[in-house]
Amino acid sequence: MKKTILIIALICSSLSNFASSEIVNENISLTDINEQPINISFQNPKSFTSFKDCTVRLDFELADGSTIEGEITFEDVSRWECSKMQFGAWWARNF
Amino acid sequence: MKKITVLIFSLFLQNLLLAQTNNSENYGLVTYERILNFDNKPESTIFSLFFNPNSSVFYENRKEIIEETTMKPITDDEFDLSFEVKFNGSKYIVLTDFEKDSIQSQVSLFSEGKQQTYIVQEKINNIKWTILSEFSTINDFKTQKAIGEFRGRKFNVWFTNQIPVKYGPWKLNGLPGLILEVSDERNEVMFYAKSIKIPFNINSKSKSDFEFNSDFEKISLTNYLNLKQEQVNEVKNLFISKLPRGAKMEISNIKSNSIELEYEKLIKN
Chain Z
-11 MKKTILIIAL
-1 ICSSLSNFAS
9 SEIVNENISL
19 TDINEQPINI
29 SFQNPKSFTS
39 FKDCTVRLDF
49 ELADGSTIEG
59 EITFEDVSRW
69 ECSKMQFGAW
79 WARNF
Chain P
10 MKKITVLIFS
20 LFLQNLLLAQ
30 TNNSENYGLV
40 TYERILNFDN
50 KPESTIFSLF
60 FNPNSSVFYE
70 NRKEIIEETT
80 MKPITDDEFD
90 LSFEVKFNGS
100 KYIVLTDFEK
110 DSIQSQVSLF
120 SEGKQQTYIV
130 QEKINNIKWT
140 ILSEFSTIND
150 FKTQKAIGEF
160 RGRKFNVWFT
170 NQIPVKYGPW
180 KLNGLPGLIL
190 EVSDERNEVM
200 FYAKSIKIPF
210 NINSKSKSDF
220 EFNSDFEKIS
230 LTNYLNLKQE
240 QVNEVKNLFI
250 SKLPRGAKME
260 ISNIKSNSIE
270 LEYEKLIKN
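Listed in order, the protein sequences are those of chains Z and P. Residue 30 in my numbering sits at position 42 of the first sequence; the count goes up by one each step and never skips. With the second sequence counted from 1, adding 9 to any position gets you my numbering.
Note that these hints are calculated values from the structure, not bench results. Since the model is a prediction, treat every value here as computed from it, not as a measurement. A portion of the hints provided could be inaccurate.
Unchecked claim - Coverage of chain P stretches by chain Z, computed from C-beta distances (three or more under 8 Å per stretch; other residues unrestricted): (1) 43 to 50; (2) 150 to 164; (3) 261 to 269.
Claimed, not checked - Per label pair, the in silico range of CB-to-CB distance: (4) Z:E63 <-> P:E121: 21 to 29 Å; (5) Z:F39 <-> P:N235: 33 to 41 Å; (6) P:F225 <-> Z:D64: 18 to 26 Å; (7) P:L141 <-> Z:T61: 48 to 56 Å; (8) Z:E63 <-> P:S53: 34 to 42 Å; (9) Z:E49 <-> P:E271: 19 to 27 Å; (10) Z:K40 <-> P:L141: 40 to 48 Å.
For every residue, glycine included, the Cβ atom is placed at its ideal position computed from N, Cα and C.
Can you make the complete structure from the sequences, with help from the hints?
Dropping the structure here:
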C-alpha cells in the first residue's frame, strides 16, 4: 500500500512539473511567433528582389543613312532598376 | 548703214537670248529615290537635287520637322530591352560647292544627352570615272555607263549627255552629264532619278543661295566620324544617371552600316 501511495505521489509530482514548465513558456506570445519569419526576410532583401544582368539593345538610324547597332549590359541590377531605364527612355523622348 | 545697224542689233539680241537660255538650263530640280539595302532590309527615301551653275543642294524630301529624337522600346522583356533611336528633327542635306571646292552635310547625332545637329565640312573628292561604251535609255534620255570608286564602294552609274551638267545624287559628281541611276557592286546603295525639271523655275534662284542654319556647329569629317563612334557610349551615359553609383556595365556587339566604308588617308590622319 505504501508502495502504491509512493508511485501515485511520484506521478503527481512529475505531472505538476510538466504543467509548471508550460506556464513558463507562456511568455512567448502568438504574435511574436508570427512576426519572426517576416523579420528574417527583411534582413535578406535579395531573397525577394531578383538581380540579373540587364541588356539594352540600341539601334540607331542616322540622317545620312548610316545605322549603328550596339548592346549595353548592366551587371547585377534589380528588376526595378532595369525598369527605370526602360521607363526613363520611354518618357525622355526629348533629349 | 541701216542694214548694218539692224544686223548688229539682231546678232546682239540672238546672243542675249542664247545666253539666257543657256543660263536657265543650268538651273534644275531632280527628284531621286535612294534605296539603302543593308542586311537585306531595303529602305527607301526621296531626295531632291537642286542645281545652279556653281553648286548643288541634295536634300531629303521630308515635311515634318519635329525637334525630337525618339527612343522607342521594341521589346518588353523585363531584363532584355531594345530601343530604336531615330533622329526625327533633322533632314540630311548635302551642299556641293564647286567654286569653293567644298561639300557640307547637315547631320544629327546624339551628343551630351541630346540631339545635336552639325555641319560636316570636307573637300570635293574628285572621283576617277571610267566612261564605258555601254548605252541605255532611261525615261527617254539616252544614257551612258560609267564606273568609279568612292569611299570603299564601286559605283555603276548611268549619266546623260542630253543634260550636260556635272551633278548627281549625294556626293557623286564630275561626269559630263547628269547622273540618272546609281548602284554599287554590293547592291546596298542605289539612287534612281524619278523626275527632272530643266530649266527649273528661275524664280527659285534664291535656292542657289542656300545656307545652313548658322546655329549649327561646323565640324570636320574626322570629328564627325569620331562622334559617330561614340553614339552607343552617349546612350550608356544617359542610362548611368538612372543607376546607383558604381554600377557596372559593358558595351558589346557594336555593328554599323554606312554608305561610306573607307576614307582617304588625308581624313584618317
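In this structure, is the beta-carbon distance linking E49 of chain Z and E271 of chain P contained in 19 to 27 Å? holds, 22 Å
For the stretch 43 to 50 of chain P, count the residues whose Cβ lies under 8 Å from any Cβ of chain Z; is that count three or more? Held - the stretch 43 to 50 of chain P has 3 residues with a Cβ nearer than 8 Å to chain Z, which meets the minimum of three.
For the pair K40 of chain Z and L141 of chain P, does the Cβ-Cβ distance stay inside 40 to 48 Å?
-> 59 Å Cβ-Cβ, so the 40 to 48 Å window is violated.
Quick one: see if chain Z covers the stretch 150 to 164 of chain P, three-plus residues with Cβ-Cβ under 8 Å.
Coverage by chain Z is violated for the stretch 150 to 164 of chain P (0 residues, Cβ < 8 Å).
| task | Could you say whether the range 34 to 42 Å given as a hint is met by the Cβ separation of E63 of chain Z and S53 of chain P? | result | holds, 40 Å
Just to make sure I understand the rule, a stretch counts as covered if three or more of its residues have a C-beta closer than 8 Å to a C-beta of the chain. Does the stretch 261 to 269 of chain P meet that for chain Z?
holds (count 8)
For this session: Look at the Cβ atoms of E63 of chain Z and E121 of chain P and judge whether their distance stays inside 21 to 29 Å.
Result: holds, 25 Å
| L141 of chain P paired with T61 of chain Z, Cβ distance criterion 48 to 56 Å | holds, 50 Å
**OP:** Confirm or reject the claim that F225 of chain P and D64 of chain Z have a C-beta distance inside 18 to 26 Å.
**Re:** violated, 41 Å
Is 33 to 41 Å right for how far apart the beta carbons of F39 of chain Z and N235 of chain P are? Given about 36 Å between the Cβ atoms, the range holds.
Checked against the numbered hints given earlier, the structure breaks hints 2, 6 and 10 and satisfies all the rest.
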